[in-house]
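Q: Read off the chains here:
Protein chains: 2
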Amino acid sequence: MQVGEFKVLNEYKKARNAVLMTAHGQIETPIFMPVGTKATVKTMLPEELTDIGFQILLGNTYHLHIRPGEKLIKELGGLHKFMNWDKPILTDSGGFQVFSLSKLRTLTEEGVTFRSHIDGAKLFISPEKSMEIQMDLGADIIMAFDECIPYPATPEQIDESSNMTHRWLKRCQQAMTKKDSLLFGIVQGGLEEKSRLKSMDQICSVDLPGYAMGGFSVGEPIHLMHQLLEKVAYKMPVNKPRYLMGVGTPTDLILAIDSGMDMFDCVIPTRVARNGTLYTWQGKVTIKQAKYRTDPNPLDPECDCYTCKNYSKAYLRHLFNTGEILSSRLNTIHNLYFYNKLIERSREAIRNGIWDEFKDDCLERFSRRP
Amino acid sequence: MQVGEFKVLNEYKKARNAVLMTAHGQIETPIFMPVGTKATVKTMLPEELTDIGFQILLGNTYHLHIRPGEKLIKELGGLHKFMNWDKPILTDSGGFQVFSLSKLRTLTEEGVTFRSHIDGAKLFISPEKSMEIQMDLGADIIMAFDECIPYPATPEQIDESSNMTHRWLKRCQQAMTKKDSLLFGIVQGGLEEKSRLKSMDQICSVDLPGYAMGGFSVGEPIHLMHQLLEKVAYKMPVNKPRYLMGVGTPTDLILAIDSGMDMFDCVIPTRVARNGTLYTWQGKVTIKQAKYRTDPNPLDPECDCYTCKNYSKAYLRHLFNTGEILSSRLNTIHNLYFYNKLIERSREAIRNGIWDEFKDDCLERFSRRP
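For the record, the sequence lines run as chains A and B.
Numbering of the first sequence is given in this note's numbering, commencing with residue 37 and proceeding in unit increments.
Numbering of the second sequence is given in this note's numbering, commencing with residue 37 and proceeding in unit increments.
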């Protein structure tokens with residue numbers, strides 16, 4: 037396969053199983069990308085991510101631009117070499133963080149001026165600047181610089197913002213000159229079907245190797261996203277990967293795959309792991325609970341991860357309660373293993389024509405409280 | 037070899053290379069034991085300790101007694117099973133922590149009443165109680181409960197305290213009924229040769245499988261310890277392991293081995309790693325320094341650890357500056373690897389009759405500032 041080539045291998049109703057070729061190898065969808073915000077997936081070594089089965093990870097343009105800076109990373113051979121990861125990397129455009137983390141934003145047609153959330157330094161990102169940063173990082177998949185519309189917003193705000201995101205996308209396409217990287221456009225348009233479809237038409241009229249759905253995880257009730265995706269996701273180009281940005285829980289992933297989305301990233305599995313919340317095939321576990329004090333059993337008897345194979349719930353609770361770094365490590369290993377296994381099983385279920393049964397079983401399991 | 041058997045294999049002047057058999061296998065001295073305070077060597081998996089080459093680790097009686105409690109650990113199969121470590125474990129007696137961490141201590145002939153540094157709970161440890169805790173934990177080597185004399189102290193205080201430590205040792209010997217565990221006595225006696233030798237006579241008059249030097253790392257100038265060890269360490273029984281408790285830097289280890297000590301433990305390599313200080317064969321490195329910002333080289337070109345084989349100083353500096361957990365992990369891996377390699381090379385140097393050259397080379401290297 038050539039870089040950028042995307043082949044749908046299996047379909048089950050709207051759900052798809054496909055492959056995409058990148059400059060650092062092929063990835064198979066549906067796929068979950070762990071988030072390596074600052075050139076590390078928190079607590080994890082690259083080899084541990086590979087052992088779990090991850091094929092691609094995400095780096096954050098905004099964070100890496102601020103520290104240590106993309107020029108330093110470029111000088112040291114690019115993000116892959118810097119962080120010792122030789123598989124594909126997708127970088128976001130910085131748009132989401134500029135709108136969620138930075139202070140004193142000023143938005144113009146040219147771009148966004150803002151102050152760093154770390155030291156207050158005045159910074160400017162435009163579509164061209166975002167492309168330059170991502171090319172310097174050496175990302176395999178580069179995301180367009182878009183405006184992330186806040187929730188709620190008026191129809192006029194949404195329309196105006198989506199139009200600008202479209203104009204910015206054309207500037208991104210002009211500026212993205214790295215031959216072996218793949219530029220993905222981002223559909224915005226808020227939570228209404230009509231405005232979302234209008235943005236989709238605009239964004240997908242620009243010929244690109246992939247498209248994303250953005251503008252979620254901004255405080256909206258999550259069922260609104262799922263209702264919308266059910267109506268619009270399958271209308272995205274069928275012969276291109278469809279990436280749902282920044283989402284979500286195991287239930288969210290299942291529903292989004294069911295609507296026809298292919299690619300996912302989210303900080304949830306790693307972040308909640310550090311806070312002692314663990315996803316299992318019997319539901320969500322809060323490890324600090326007193327009932328686990330003397331529990332000699334593994335977190336999840338159906339799980340083959342390193343944590344479940346070697347440690348008791350009593351030990352995991354002890355590590356969490358004493359604030360040990362090993363708690364974050366063992367919990368992160370488990371949650372990432374769980375997410376990857378969920379996605380692997382999703383692929384198999386689509387391949388084997390049992391997606392509906394698998395989906396229903398997952399949704400029932402994930403609503404349990406063990 | 038039988039459990040408790042100790043064989044000196046090689047000697048070079050006062051320095052020794054020996055083996056000691058425990059219920060969980062043999063260890064070879066000189067040996068460094070990483071500290072697993074709360075049933076984990078901070079940031080590390082047991083397998084990673086084994087890969088580095090560690091043969092034994094240390095657990096802290098005081099900390100484990102407070103959280104999660106030795107009865108819970110016993111119920112779950114002992115400390116080895118609880119923390120997934122099947123090699124030997126040595127536990128300290130709790131004495132050092134009772135005197136350094138706890139609040140409102142009251143010392144009587146019977147034992148020590150004190151308040152937990154975590155929740156202020158009133159607790160009592162006696163020689164018998166310390167033995168019970170360590171037996172419940174299932175330690176292979178159990179340390180006698182002693183009084184750690186503060187520095188400075190008057191000759192009268194030292195004499196009185198050493199006498200009590202001796203009486204307590206006899207009670208420990210009575211109470212330690214676990215057949216396959218080895219009880220080590222602890223020599224106190226302060227920093228004067230005469231009083232230290234008196235305590236040594238008392239402690240070593242109790243027939244035990246090993247003896248330790250305690251009462252250091254209490255704020256005394258370190259050269260006083262080395263001057264004392266040079267004069268007294270070799271007078272400890274030659275056919276028993278000699279353990280220097282809670283010491284020290286790489287330089288301290290070399291000097292203590294040179295004086296005839298065999299076993300060591302210390303939190304230094306793990307603690308300073310988390311604070312960004314790294315031991316190398318070219319001297320001590322402070323990774324946050326600006327001069328490493330763009331440095332593409334490994335921390336130590338003479339080191340074969342995972343960190344040095346895979347990451348640049350620029351990346352290690354970035355991880356430290358952004359407060360990433362991976363910084364603590366990679367730094368700890370390096371420092372522990374360095375400590376173990378230092379000890380392995382010490383054994384070889386004694387074996388090969390080149391200890392003096394090795395010692396001089398180490399002392400010169402460790403005084404450098406790269």
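Careful, some of the hints might be misleading.
It does not matter which identical chain is used: a pair holds within one copy or between any two.
Heads up, simulated EDC-like pairs for lysine to aspartate or glutamate below, C-alpha to C-alpha not over 16 Å straight-line [said to hold, decoys possible]: (1) Lys-78 / Glu-360; (2) Lys-110 / Asp-331; (3) Lys-107 / Asp-331; (4) Lys-107 / Glu-41; (5) Lys-123 / Asp-195; (6) Lys-324 / Glu-83; (7) Lys-206 / Asp-331; (8) Lys-327 / Asp-195; (9) Lys-139 / Asp-396; (10) Lys-395 / Glu-111; (11) Lys-117 / Asp-331; (12) Lys-345 / Glu-83; (13) Lys-117 / Glu-196; (14) Lys-234 / Glu-338; (15) Lys-206 / Glu-168.
To be clear, the hints were calculated from the coordinates, so they are not data collected in a lab.
Q: Now, for every hint given, state plainly whether the structure supports it.
A: Hints, verified against the model:
| no. | hint | in the structure |
| --- | --- | --- |
| 1 | Lys-78 / Glu-360 | both (15 Å within a copy, 7 Å between copies) |
| 2 | Lys-110 / Asp-331 | between (49 Å within a copy, 13 Å between copies) |
| 3 | Lys-107 / Asp-331 | between (50 Å within a copy, 14 Å between copies) |
| 4 | Lys-107 / Glu-41 | neither (30 Å within a copy, 60 Å between copies) |
| 5 | Lys-123 / Asp-195 | neither (38 Å within a copy, 66 Å between copies) |
| 6 | Lys-324 / Glu-83 | neither (29 Å within a copy, 25 Å between copies) |
| 7 | Lys-206 / Asp-331 | neither (57 Å within a copy, 38 Å between copies) |
| 8 | Lys-327 / Asp-195 | neither (52 Å within a copy, 49 Å between copies) |
| 9 | Lys-139 / Asp-396 | neither (43 Å within a copy, 57 Å between copies) |
| 10 | Lys-395 / Glu-111 | neither (46 Å within a copy, 40 Å between copies) |
| 11 | Lys-117 / Asp-331 | between (42 Å within a copy, 13 Å between copies) |
| 12 | Lys-345 / Glu-83 | between (18 Å within a copy, 13 Å between copies) |
| 13 | Lys-117 / Glu-196 | neither (40 Å within a copy, 62 Å between copies) |
| 14 | Lys-234 / Glu-338 | neither (44 Å within a copy, 60 Å between copies) |
| 15 | Lys-206 / Glu-168 | within (15 Å within a copy, 74 Å between copies) |
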